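K.L.:
All chains, please: the whole structure from these sequences, using the hints.
Protein chains: 2
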Amino acid sequence: MTTTVTTTVTRDATPDVTVALNDVDLEAVGTLASAIIDDPARGATNWNASVRWAGGFRSHATIREFEPIQSDEPHGLGGTDVAPNPVEQLLAALGNCLVVGYAANASARGIELRDLRIELGGDLDLHTFLGLRQGNAGFESITATVQIDSDATAEELAELHAKVTTTSPVGHTLARAVPVTIELA
Amino acid sequence: MTTTVTTTVTRDATPDVTVALNDVDLEAVGTLASAIIDDPARGATNWNASVRWAGGFRSHATIREFEPIQSDEPHGLGGTDVAPNPVEQLLAALGNCLVVGYAANASARGIELRDLRIELGGDLDLHTFLGLRQGNAGFESITATVQIDSDATAEELAELHAKVTTTSPVGHTLARAVPVTIELA
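As given, the protein sequences belong to chains U and S, one line each in that order.
Okay, so the first sequence: first residue is 7 according to this note's numbering, each after it adds one.
Okay, so the second sequence: first residue is 7 according to this note's numbering, each after it adds one.
Hint data in this document are derived by calculation from the structure and do not stem from the laboratory.
Worth double-checking, as some hints may not be accurate.
Stated by the list, open to error - To give an idea of the interface, some chain U residues facing chain S are shown, with a C-beta separation under 8 Å as derived from the structure:
#1 Leu27
#2 Val30
#3 Asp31
#4 Ala50
#5 Asn54
#6 Trp59
#7 Ser65
#8 Arg70
#9 Val105
#10 Asp121
#11 Ile124
#12 Gly127
#13 His133
#14 Ala158
To be verified - Have a look at the derived ranges for each label pair, beta carbon to beta carbon:
#15 U:Asp44 - S:Glu162: 14 to 22 Å
#16 S:Ser147 - U:Asp129: 20 to 28 Å
#17 U:Ala168 - S:Gln153: 39 to 47 Å
#18 U:Gly137 - S:Leu190: 13 to 21 Å
#19 S:Gln153 - U:Glu165: 43 to 51 Å
Only a predicted model underlies this, so the values are computations on that prediction, with no experimental measurement involved.
C-beta: ideal position from N, C-alpha, C; glycine also.
P.N.:
Right under this line is the structure:
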């Protein structure tokens, strides 16, 4: 992330005690939002990953200083099945993104979450990937089913859900046609 | 993956010695392709992930029996920064997917790869995610730059590249508008 938030938050000598509902740091989110309201250009962020082939269908993706994300294919697809495959990783990214949306927006609304689980599935036809026909090599559809354990009312949860689904970065990336440029160096 | 390949490959008593170029199991890929040619319905696959919230913006995605993929957000976005965030994971999935495409198609063409690296980047404006305006919360654009170390000619590499970019499952998923259904259980 190239955007660094440097806005100073002025604190009282005796700051308010902030209860971090759902363990979410709403103050940090609010500080970022204020910084972007003050200077909209700061909303522009850039994200990166570096991937290196490791033989066969194995590879690993390095993101900042974190342990690389390992990748492989199942035996049936010619891999050695030592790690999730890329389309599974994509579903994982969607689920992890939705979690952030629910946690952030629940906290902002004062909704306490006891548990949150998301089951994701996607249908994909292998004909195009295997070169058997031209067409869509990607997911034909993706479904996420969200289970929330909370004392919030059904109406509150429905409003939370609507907010999350209309503001999800990975959700929007998948549901929209994104310009993807792949070039040989 | 729900498709299980059960096609039997008949072997001679003295099988050919197969050199696994790039350590890719082309026989497995060929067996799968043959099975799908025989029964196109077997091209239909379904992939899954289960995500569970771990407090704050942390979560983990479980895929089959593998170690879960951890997720968090940077401090500036309100997280505790213990793992890559979901949009970074999405770039990782694209890079890992392209690797499979290059390795598979290079091997099928007899191109030996010495090294293969992919740098990925994506631009994303935070206004929508933060609720500051309506619009696209996702990546505005994604770029992958591929470095291949090989003795193949520039023309061979260009053909390989064209094949990979038109058959990438994650590439197509991102470049196309996929129906994404997110529902509360």
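K.L.:
How does the Cβ-Cβ distance of Ser147 of chain S and Asp129 of chain U compare with 20 to 28 Å: does it lie in that range?
P.N.:
holds (26 Å)
K.L.:
Has the hinted range 43 to 51 Å been met by the Cβ atoms of Gln153 of chain S and Glu165 of chain U?
P.N.:
holds (47 Å)
K.L.:
Next item in the hint list is Ala50 of chain U. Is there a CB on chain S closer than 8 Å to its CB?
P.N.:
Interface hint status for Ala50 of chain U: holds (5 Å vs cutoff 8 Å).
K.L.:
Is it true that Gly137 of chain U and Leu190 of chain S lie within 13 to 21 Å of each other by Cβ?
P.N.:
violated (40 Å)
K.L.:
Return the status of the interface hint for Val105 of chain U: holds when the least beta-carbon distance to chain S is below 8 Å, violated otherwise.
P.N.:
holds (4 Å)
K.L.:
14 to 22 Å was suggested as the range; check whether the CB atoms of Asp44 of chain U and Glu162 of chain S agree with it.
P.N.:
Taking Cβ atoms as reference, Asp44 of chain U and Glu162 of chain S lie about 52 Å apart, which means the hint is violated.
K.L.:
Can we keep the Ala158 of chain U interface hint, with Cβ of chain S closer than 8 Å?
P.N.:
Nearest chain S Cβ about 11 Å off; hint violated.
K.L.:
With chain S as the partner, please determine if Ile124 of chain U meets the hint condition of a C-beta pair closer than 8 Å.
P.N.:
holds (4 Å)
K.L.:
With a cut-off of 8 Å, does the beta carbon of Asn54 of chain U approach a beta carbon of chain S closely enough for the hint to hold?
P.N.:
This hint holds: Asn54 of chain U lies near chain S, its Cβ roughly 5 Å from the closest one there, short of 8 Å.
K.L.:
Taking the closest Cβ pair, is Asp121 of chain U under 8 Å from chain S?
P.N.:
holds (7 Å)
K.L.:
Can the hint on Trp59 of chain U be confirmed by a CB-to-CB distance to chain S that is less than 8 Å?
P.N.:
The hint holds - Trp59 of chain U has a Cβ within 8 Å of chain S, the shortest such distance being about 4 Å.
K.L.:
So, Ser65 of chain U near chain S? Judge it on the closest CB pair being under 8 Å.
P.N.:
Ser65 of chain U check passes; min Cβ-Cβ to chain S is 4 Å, inside 8 Å.
The structure is inconsistent with the numbered hints 1, 14, 15, 18, although it conforms to all the rest.
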